[in-house]
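There are 2 protein chains.
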Amino acid sequence: MKKLINAVDDVLTEQLEGFALAHPELNVSLEPFFITRADGATQGEVAVISGGGSGHEPLHGGYVGQGMLAAACPGQIFTSPTPDQMIAAAEASHGGAGVLFLIKNYTGDVLNFETATEMLHMQDIAVQSILIDDDIAVKDSLHTAGRRGVGATVIIEKVVGAAAASGYDLDKCAALARSLNLRSRSMGMALTSCTVPANEKPTFDLKDDEIEIGIGIHGEPGQERVPWQPVDEVVARMTEEILEDAGYSRTVREWDREAGDWLERELVDEPFAEGDQMIALVNGMGATPLSELYGVYRKLAHICKDKNITLARSLVGSYITSLEMQGFSITLVKADNETLTLWDAPVRTPALRWGV
Amino acid sequence: MKKLINAVDDVLTEQLEGFALAHPELNVSLEPFFITRADGATQGEVAVISGGGSGHEPLHGGYVGQGMLAAACPGQIFTSPTPDQMIAAAEASHGGAGVLFLIKNYTGDVLNFETATEMLHMQDIAVQSILIDDDIAVKDSLHTAGRRGVGATVIIEKVVGAAAASGYDLDKCAALARSLNLRSRSMGMALTSCTVPANEKPTFDLKDDEIEIGIGIHGEPGQERVPWQPVDEVVARMTEEILEDAGYSRTVREWDREAGDWLERELVDEPFAEGDQMIALVNGMGATPLSELYGVYRKLAHICKDKNITLARSLVGSYITSLEMQGFSITLVKADNETLTLWDAPVRTPALRWGV
Chain A
1 MKKLINAVDD VLTEQLEGFA LAHPELNVSL EPFFITRADG ATQGEVAVIS
51 GGGSGHEPLH GGYVGQGMLA AACPGQIFTS PTPDQMIAAA EASHGGAGVL
101 FLIKNYTGDV LNFETATEML HMQDIAVQSI LIDDDIAVKD SLHTAGRRGV
151 GATVIIEKVV GAAAASGYDL DKCAALARSL NLRSRSMGMA LTSCTVPANE
201 KPTFDLKDDE IEIGIGIHGE PGQERVPWQP VDEVVARMTE EILEDAGYSR
251 TVREWDREAG DWLERELVDE PFAEGDQMIA LVNGMGATPL SELYGVYRKL
301 AHICKDKNIT LARSLVGSYI TSLEMQGFSI TLVKADNETL TLWDAPVRTP
351 ALRWGV
Chain B
1 MKKLINAVDD VLTEQLEGFA LAHPELNVSL EPFFITRADG ATQGEVAVIS
51 GGGSGHEPLH GGYVGQGMLA AACPGQIFTS PTPDQMIAAA EASHGGAGVL
101 FLIKNYTGDV LNFETATEML HMQDIAVQSI LIDDDIAVKD SLHTAGRRGV
151 GATVIIEKVV GAAAASGYDL DKCAALARSL NLRSRSMGMA LTSCTVPANE
201 KPTFDLKDDE IEIGIGIHGE PGQERVPWQP VDEVVARMTE EILEDAGYSR
251 TVREWDREAG DWLERELVDE PFAEGDQMIA LVNGMGATPL SELYGVYRKL
301 AHICKDKNIT LARSLVGSYI TSLEMQGFSI TLVKADNETL TLWDAPVRTP
351 ALRWGV
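From first to last, the protein sequence lines are chains A and B.
Quick note: the first sequence, position 17, residue 17 per the working numbering, numbers continuous.
Quick note: the second sequence, position 89, residue 89 per the working numbering, numbers continuous.
Please keep in mind that the hints were generated in silico from the structure rather than gathered at the bench.
It is possible that some hints are incorrect.
A pair holds if it fits inside one copy or across any two, identical chains being indistinguishable in the list.
Claimed, not checked - No farther apart than 20 Å at their CA atoms in a straight line, the calculated lysine to any residue pairs in the SDA-like style are these: (1) K207 - M1; (2) K2 - F204; (3) K2 - P202; (4) K172 - A7; (5) K305 - A165; (6) K307 - E17.
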């Protein structure tokens, strides 16, 4: 294992120290781990907070800042953060208008954010949580009941963060996040595995001429291992699956503030159709050259054009990664005018910035 | 060789097509290859133009846009662009205030930009060129007489692009670029090699427990291969060399517009000293996780603080890459108030954006 690290036990602390030094506009707490804006809570603005295992940088810490997240809670590498982190982050960053947790659907994350939700409720902090489960590759997986949460997280954090900054209240922010998730679909693939520092060995093995379609962001198994194929064929398969996927239904638990208890809600994905406009993310898994991602985007754009689907906005780069995995994912989020206006709104974070 | 490509011969064209589709605010010419702003030449603004072999993305195409480059000329992978690209780019992007070529010091790039300079002069377009040679690792190398041009290029393109946008004339832009280069120092290292698609094999071999210090951005040999070391030790070695390096002297050829001929100029680096403030770039080589770059930044910041050197601004990410090489480079550019003001000025390019 060759990595740019010192002792394995110090990796996360040292990387967060470096992050803090490079970004004085943010506050980084190392005990417990959480990241907030250095200028404090914005009074009257819903605090949009996310978190999850580390190893997916810039997600989530790189999205803390004006117009996006109020706080992020990094767990150890590929390990859920704990409720105390979430509670401390919420206490430090909420501005009296409530807290919205955006949770990628992994069992540990869900459990711990649920605990934090209950504890904040007991502290009389208004709280709501929305689950993100956009990965269409597999239903149920290692660490996941139902679909995994992946690339849509970046787009939902941006759009809902902008909504909070523009004055949406907690219920409206939650409704927007829920709606965005139901019109988001993603799929990933890998050329190579990543290596978790504490494990010292690659998470999985792929032969020199093999790729894995449908991989998860922790190297969890996907749909299929196939021989290497030209990128156009891989992109075509993934894009068709994303565009044709429809009607996925799941039962989610959402917090009912009035009842002080959990409410089950049946949610069904909104299908994509000709004429839709999308925000597209072509995402590198951590070790993928940017140039190759543009090769992916080319084919994605051609297919969408043929199907009369407009890629109204796009991001091409490594935005939700898996350490040094090579590969990419595609995310499409169906966007109405409200979504695009919020997408275009100013944002100032380490990893996404424009307009300010 | 597993890459996200189709046929090897189509790689550059297809990736540039994808780049064009993702960035409608830019124009991409495929015959010959060059990239300009879609809204045309800015009248009265010096056109700052750069170029070089592809495989270093986002350099240079990702830096075309308001407040930075007027145009970029991508060559084939790790291969110099040709004079016809440079001339076409200059013709398409100059706004009557002249053209400044920023040239990374590689023999092919220098020769071809010199030819383009002479041809533009014959067309009565005012032109000037400045050589960038910030890599202190080795003097003379594969493809290079003298030092190589590396990470400082990103910072010089930003600062001089801002100067052009704010109304500096051609001579002032050239003088600024020359001055910045004399106060820029960089060094890189690699954990793994890259593979040029046409070669189908890694450019070099490193053992599983070996790293190379002082590597070039094409995988050219560096100073030394050593056993893997903790990142702090590697960063300490590189940072000390960068901070202590001083007095490098070289003879450069610069174009004399009045004489219509080349002028030799002796240029000597400005030393770094206690109390200096810097713009710092911690740069990934293409396949390096962002999280590990923050580990690098941490140690760099600690060393600079101990030496009373202020990292006034910083960039942490993959800004000048070597395909899918793993490793990093450090660049420090001594910054006065003019430099920082220009650094902070609005920029809107695919890879660097703020304030707009």
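**Q.** Structure versus earlier hints, numbers of those that do not hold, lowest first
**A.** Hints 4, 5 not satisfied by this model.
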